[in-house]
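Chain by chain, the residues:
Number of protein chains: 2
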Amino acid sequence: MGRIVVEVMPKPEILDPQGKAVAGALPRLGLEQFTGVRQGKRFELSVEGEVTDELLAAARQAAETALSNPIIEDVVGVYDADGAR
Amino acid sequence: MGRIVVEVMPKPEILDPQGKAVAGALPRLGLEQFTGVRQGKRFELSVEGEVTDELLAAARQAAETALSNPIIEDVVGVYDADGAR
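Those protein sequence lines, which keep their order, are chains A and B. The first sequence runs 1006 to 1090 under our numbering. The second sequence runs 1006 to 1090 under our numbering.
Think of the hints as simulated: they come from the structure by calculation, not from any bench. Note that this is a predicted model, so its numbers are computed, not measured. Hints may be right or wrong, so weigh each one.
All copies of an identical chain are treated as equivalent in the list; a pair is satisfied when it fits inside any one copy or across any two copies.
Unchecked claim - Calculated lysine to aspartate or glutamate pairs in the EDC-like style (CA-CA distance at most 20 Å, straight line):
id: 1; residue 1: Lys-1016; residue 2: Glu-1078
id: 2; residue 1: Lys-1046; residue 2: Glu-1078
id: 3; residue 1: Lys-1016; residue 2: Glu-1059
id: 4; residue 1: Lys-1025; residue 2: Glu-1053
id: 5; residue 1: Lys-1025; residue 2: Glu-1037
id: 6; residue 1: Lys-1016; residue 2: Glu-1055
id: 7; residue 1: Lys-1025; residue 2: Glu-1069
id: 8; residue 1: Lys-1016; residue 2: Asp-1079
id: 9; residue 1: Lys-1046; residue 2: Asp-1087
id: 10; residue 1: Lys-1016; residue 2: Glu-1069
id: 11; residue 1: Lys-1025; residue 2: Glu-1059
id: 12; residue 1: Lys-1046; residue 2: Asp-1058
Go ahead and model the full structure; you've got the sequences and the hints to work with.
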């Protein structure tokens, strides 16, 4: 069984309150090294058999429609979980 | 400025209602190729300068504490966004 990873992040110009909340919490845990945090989504789509170019194309279509909101989010990655990026 | 990616997914034995909802929606969009969907989180942590081993260790600590709930989630990746995985 193959798996395709889809990565979705808020667009840079969009406020990201979840990321901001995490960024505010880290120093309270003693982690002062980070200047910013953005929070997005990571999906794993399972497919029967091997990941083919056709399946990657279908995953890209899913990413642009069901998995992200193109007004506020960018699809930053679609790749075979078991292959090279 | 460097960026560290942290990937968090629900543990395999944990129900994932968001993923299930996406899996149910895809066939209605004509995408019948996918046998399952899991939805997790993807964080980008910004750091000043280059990503060092020390910063990656701090990011791993952040991942296990602030960015994930170890009861229900696994940290599946912590890596330099601009380097090899």
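Consistency of the hints with the structure:
Taking the shortest Cα distances, Lys-1016 and Glu-1078 sit within 20 Å of each other inside one copy (5 Å), while across copies they are farther apart (25 Å). Taking the shortest alpha-carbon separations for Lys-1046 and Glu-1078, both the intra-copy value of 10 Å and the inter-copy value of 14 Å come in at or below 20 Å. For the identical chains of this complex, Lys-1016 and Glu-1059 are neighbours neither inside a copy (27 Å) nor across copies (28 Å), given an alpha-carbon limit of 20 Å. Taking the closest pair of Cα atoms, Lys-1025 and Glu-1053 come within 20 Å of each other only across two copies (17 Å); inside a single copy the shortest separation is 38 Å, beyond that limit.
Taking the shortest alpha-carbon separations for Lys-1025 and Glu-1037, only the intra-copy value of 14 Å comes in at or below 20 Å, while the best inter-copy value is 37 Å. Taking CA atoms no more than 20 Å apart as the test, Lys-1016 paired with Glu-1055 passes in neither setting, with 32 Å inside one copy and 23 Å between copies. Only between protomers do Lys-1025 and Glu-1069 lie at most 20 Å apart by alpha-carbon distance; the minimum there is 18 Å, versus 25 Å within a single protomer. For the identical chains of this complex, Lys-1016 and Asp-1079 are intra-copy neighbours only, at 6 Å inside a copy versus 25 Å across copies, given an alpha-carbon limit of 20 Å.
In the homo-oligomer, the alpha carbons of Lys-1046 and Asp-1087 lie at most 20 Å apart both inside one protomer (19 Å) and across protomers (19 Å), since each shortest distance falls under that limit. In this homomeric assembly, Lys-1016 and Glu-1069 come within 20 Å of each other (Cα to Cα) only inside a single copy, at 14 Å, whereas the closest approach across copies is 26 Å. Taking identical chains as interchangeable, the C-alpha atoms of Lys-1025 and Glu-1059 are never at most 20 Å apart, the minima being 38 Å within one chain and 23 Å between chains. In this assembly of identical chains, the alpha carbons of Lys-1046 and Asp-1058 never lie at most 20 Å apart, being 23 Å within a copy and 25 Å across copies at closest.
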